[in-house]
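Enquirer: Given the sequences, and given the hints that come with them, work out the whole structure.
Residue numbers (UniProt numbering), protein chains in the order written: chain A, 1 to 288; chain B, 1 to 214.
Hints may be right or wrong, so weigh each one.
What the hints assert, rightly or not - Which stretches of chain B does chain A cover? Using the computed rule of at least three CB atoms under 8 Å from a CB of chain A, they are: (1) 52-64; (2) 201-212.
What the hints assert, rightly or not - Listing some non-contacts, in silico: residues in chain B with all C-beta distances to chain A over 12 Å: (3) Thr76; (4) Ser129; (5) Glu159; (6) Glu194.
Everything labelled a hint here was simulated from the structure, so no lab data went into it.
Quick reminder that beta carbons are idealized off the backbone N, C-alpha and C, glycines included.
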Amino acid sequence: MASAAHPEPIEPIQPLQPPSGRPRGGHDQHTLPAPFLPDACEPLTQGAEALVYRTHFLTPQTPAVLKYRPPKPYRHPTLDKRLTKARLLAEARVLVKCRREGVSVPAVLGADWEGGWLVLEYVGGGTVRGVLDGWVHRLPELSREGNSETISEGRKKSEEEEALWELMRKVGRAVGRLHEIGVCHGDLTTSNLMVRDEEEYTENETNLPPSGDIVLIDFGLATQTIQDEDRAVDLYVLERAFAATHPAAEPLFQEVLRTYGGSFKGAKSVLRRLEDVRLRGRKKSMLG
Amino acid sequence: MATVRKFHLPHYPSYPIYISTFKNVENAAFLRSQLLEGNPNFDYAFLDASTILSLNHILLPAFLALSLHTSGRAKTKTVHSELVFRLHPNNNIAESFKKFGIGDSSRNIIAVKIGGFMKEGQDEVAEESVSRHLGEVVQGDSTDPGERGERLGEECEMEKVRKMYKLESGAGGGGKKGKKIGNTGEAVNGMGGEEKDRKEMESVVLGVITLKGS
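Expert: Given below as structure tokens:
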């Protein structure tokens, strides 16, 4: 046979390709759940479970955030549906509970747990992380000003600092309120704390931290619990987020804790528990 | 002729939503009887205006009704009955009609008609035909809901809504803080206290409607 005379060369082994049809980084290539259309949805961010888009809902004038949990092809369809439903509902229930109790979180505008989507109020503004990063970025010049600049410059600096400390007190109170109503966030980082600002947040020229209310976002890992342990872990995670920004943010976090400590009955014992959590880390060691 | 305002849900452009409001309605009992008989000409959602906070308070259930109807998951027969059912936080159809639907003694009503569902031999509903039909059958004073539906909450009884969605104090009752949602009464940022209360209430109500049946 001809093929026996000229054996086909064996193809060299190709490196593994990512699964076709879902190119990496192309989260806009996911099909959106009906009735949402890609033209009206602008991708904002993506997590392990959900895709987040900016869109509008009910009226073209109502900006909204669409959080879509697409089906995971590697899971059994029945299990996938159940997990998606359970997680989406847990998040929506916690948000509605917070809103009922007056904790500042995005309102739930709509959802379909079969379709895996949740529509939330759009919160304008920036994150606390952005504010801290901006402040850290200017730290060298701030310290220089503090040494040599005129009195008027010095006053401006203290004004900025005071606004920053007031922001920390707001964070402490917001987290305190959340814990008081029996909710733990589960992923409390400075990126999940927003400062509401109805006018679109820009690189503010005054360098003053924004003065809006703190809005807690991303309740995808939130639980309803009143245990000191869970509350302390929330604080611990937040502490690590502050520490990751800059060592200079340490005293700022102390102010968060101080305000938290006075924000509700039981906060003091959470702070005591925080000491234990610091020694061992976020995971409580399980015996047996 | 009754004043009818047409609204579009951005996600359902082919299903226009016609909203019309009436005051001093004399024949609510008749309208209700037509609904109960299932008269095909009375394919509306007639709502008691005292239970409706705002335009969004109608648009969200309308959205959900359309979403469920178009995907065959609706619990009731028509998109209009589904709208009324979606308003109520519980899963009891009869009760949702009793609470949010028109009652024999209702004086202020909101009529909602969702277009786009053409049946054979029936013309597509138009603003004008809705207006003419409602003008003929409703004995009451037609009022303008406003171009953006901004006047839809005018006849709302906030206390009633608060009770129906259980917005009193903390969930589970017996909360030590007798805090009522949307009852702060403070005026902040130039926004009237009442308007702010209503917004805050609306945001909770939309969440409760969303979570219905979960």
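Enquirer: Give a verdict on every hint.
Expert: Evaluated hints:
no.: 1; hint: 52-64; in the structure: holds (count 6)
no.: 2; hint: 201-212; in the structure: holds (count 7)
no.: 3; hint: Thr76; in the structure: 17 Å, holds
no.: 4; hint: Ser129; in the structure: 24 Å, holds
no.: 5; hint: Glu159; in the structure: 17 Å, holds
no.: 6; hint: Glu194; in the structure: 17 Å, holds
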